[in-house]
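Spelled out, the chains give:
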Amino acid sequence: MINIKLRGGKSAWNWIWKITGTLIVLVIFACSITINNVTQPASIPGASTLTSTITATIGQVNATQTSALVVGILVPTQWNAANNTTVSFTSTATTGIQPMNLIPTGTPAPTGGGLSWQTDMLNTIGSAGNLINEYEYICFESPQQYTVNNGNNIDVVVTVNIKVSQTNMLFNMAYVVCESTDGLNSTANSQSPSTYYGTFFPPSLRVTGPGTLLDFIDPQLSVITPGFATDNDIITLPFNSTAVHNSLTNASQVFLCATGYTTTGDSIKVCQQTNASQLQSLGGGNFQKSIWPRGLFGLSASQSLDSIEYVFTDATGSVIVGFNGTSTPFSYTFGCQ
Amino acid sequence: MNSMRRLIKINYALLLGCMLFSCRTEHLTPPNEPVKNITGTWGIIDATRNGTDLTSSFDFSGFHIVFTDSTYTIDSLVPFIISHNGKWAFDNPQYPFDLIFTQTDSSSIATPFQFPVANGVRNIILTFSPGCPSNSYVYTLQKVN
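Residue numbers (numbering that gives the first Met the number 0), protein chains in the order written: chain A, 0 to 336; chain B, 0 to 144.
Bound conformation, chain B alone:
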């Protein structure tokens, strides 16, 4: 009987020890949101004007924009936010809402920026009005291989 009590006491002591030594302070650090990387050559895969699809009725294949770390070059063969080469930046590199173009010798133009993944492929979606403010265009860009 005494040995049984001793065994129970030892078990309690071991359990208490485990509980005490299993606790330690966890230093949790939130994952660092990566800076959005858009470097590369992008082409237009989808375009709408005021919600109407233009992709099948207008040739967008000649348009390319090449982003480097801070500059861009453009083949301006379609209406776009800008028409000359220059520099680009995000309003916030980690959580961008706007893509800001600065043409050489020109002021900056900010356009709403989305960066979704569709069918496993990263897209850039830009919304802008190159002509009348009442005409809203949405271009979906994908990297050109």
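The following block holds chain A by itself, in its conformation from the complex:
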């Protein structure tokens, strides 16, 4: 039985000392990680290798700690970067180039409240201003653990090589450096704000490639995801009604009106304002609808779509909004990388 005497006495002092001691221990084990800089090209050709360099400092405050180095990178999902990335580092605590290993998806993060490393980073670090929800964190860990002695800093240079897709895009990368013992110690998981991790958000990366620009950064009325698809994929048509002033800016209901063009030159129009064509409201003037083109346009087994054109309408069908707020339809051409 715990007996705390708050009004003086040995028992109260004993508990005060224990609690204070615990707090001191929590503080002195705090790790300090800073990303000093990230060098990354402003533009690269599609299907080439993006090389970036992270310069970081890992310090330890009044204690010695042994941990593995962890690096996280925010990338577009369509790069399939988990299978197309190599990460290595050099440091003042090691000799030569040290390779890092991919942390498998779903691996729990320490202090992550049960979340994986990838999800913990997404919740804690965020999406770096990318507006299209087709991004992910990929995480890497050094195979060995390293000791950071009391008061000594380790300077680390991490080299990241990612084979990017050929998609024509504009994307905001993000870089995270932390260690395997403390993880992010995220405030998103009710932890105290700390310097357990370092982040860096470089200027936007432009990948030049064929086709329409997939712009993750600038608000647009509608950009279909994924960027590459066939008529047998599920594609998502968003509508950001406030990106450009238009006739549906204040609409509470938005409907899809689309025309499919087959590879044989036929056109199929689906333009009725029904529950089936109504976009789902996401709040804040954002709507979306995911469609399976083969099903929506009722294609036979021998038919294939080459492209679609689409506009958004109100419930009456009389108000039409297309590209840049005009009545010109948005267009999307099917094809794979």
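Read the hints as simulated data drawn from the structure, not as lab findings. Note that CB positions come from ideal geometry on N, CA and C, so glycine has one too. Hints may be right or wrong, so weigh each one.
[Stated by the list, open to error] Example chain A residues on the side facing chain B (calculated, C-beta under 7 Å, incomplete): (1) 135; (2) 199; (3) 200; (4) 229; (5) 232; (6) 280; (7) 281; (8) 282; (9) 284; (10) 287; (11) 289; (12) 291; (13) 326.
Position chain B relative to chain A; hints supplied.
Showing chain B alone in chain A's frame:
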């Protein structure tokens, strides 16, 4: 004193006898892993595309697949691994890694297969790309009552 020694000797003899007769050869047979049973009607309860949840933005309620012992029938109302009825098989009935569909008049298609229990309910998790190879879909199926 003699009776005490005799009692100790008898105890030793009894203990030795117990030790000798308590030992016998155990024939342990490992438990036989049951063949995975997926017969029944299954519907989609969760779907992702390239990690993005599609469940709330696309109507998967019309999709059903019915497995019998060796055949399946499908309501092909969503992109799926196959679009016509046919036969199915596991690569290994006891320890399956792949579910193999063979449509009528068509070649076989194998897809990674998982059979986990979540919240006390058996799920089938299938990963495939019905369109572009770069677009990966994960469907979680549950039996329809």
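Status of each hint after checking the structure:
1. 135: holds (6 Å)
2. 199: Nearest chain B Cβ about 23 Å off; hint violated.
3. 200: Because about 21 Å separates residue 200 (chain A) from the closest Cβ in chain B, which is outside the 7 Å limit, the hint is violated.
4. 229: holds (4 Å)
5. 232: With a closest approach of 3 Å, the residue 232 (chain A) hint holds.
6. 280: violated (11 Å)
7. 281: violated (9 Å)
8. 282: violated (13 Å)
9. 284: Because about 17 Å separates residue 284 (chain A) from the closest Cβ in chain B, which is outside the 7 Å limit, the hint is violated.
10. 287: holds (6 Å)
11. 289: Because about 4 Å separates residue 289 (chain A) from the closest Cβ in chain B, which is inside the 7 Å limit, the hint holds.
12. 291: With a minimum Cβ separation of about 6 Å from chain B (threshold 7 Å), the hint on residue 291 (chain A) holds.
13. 326: violated (26 Å)
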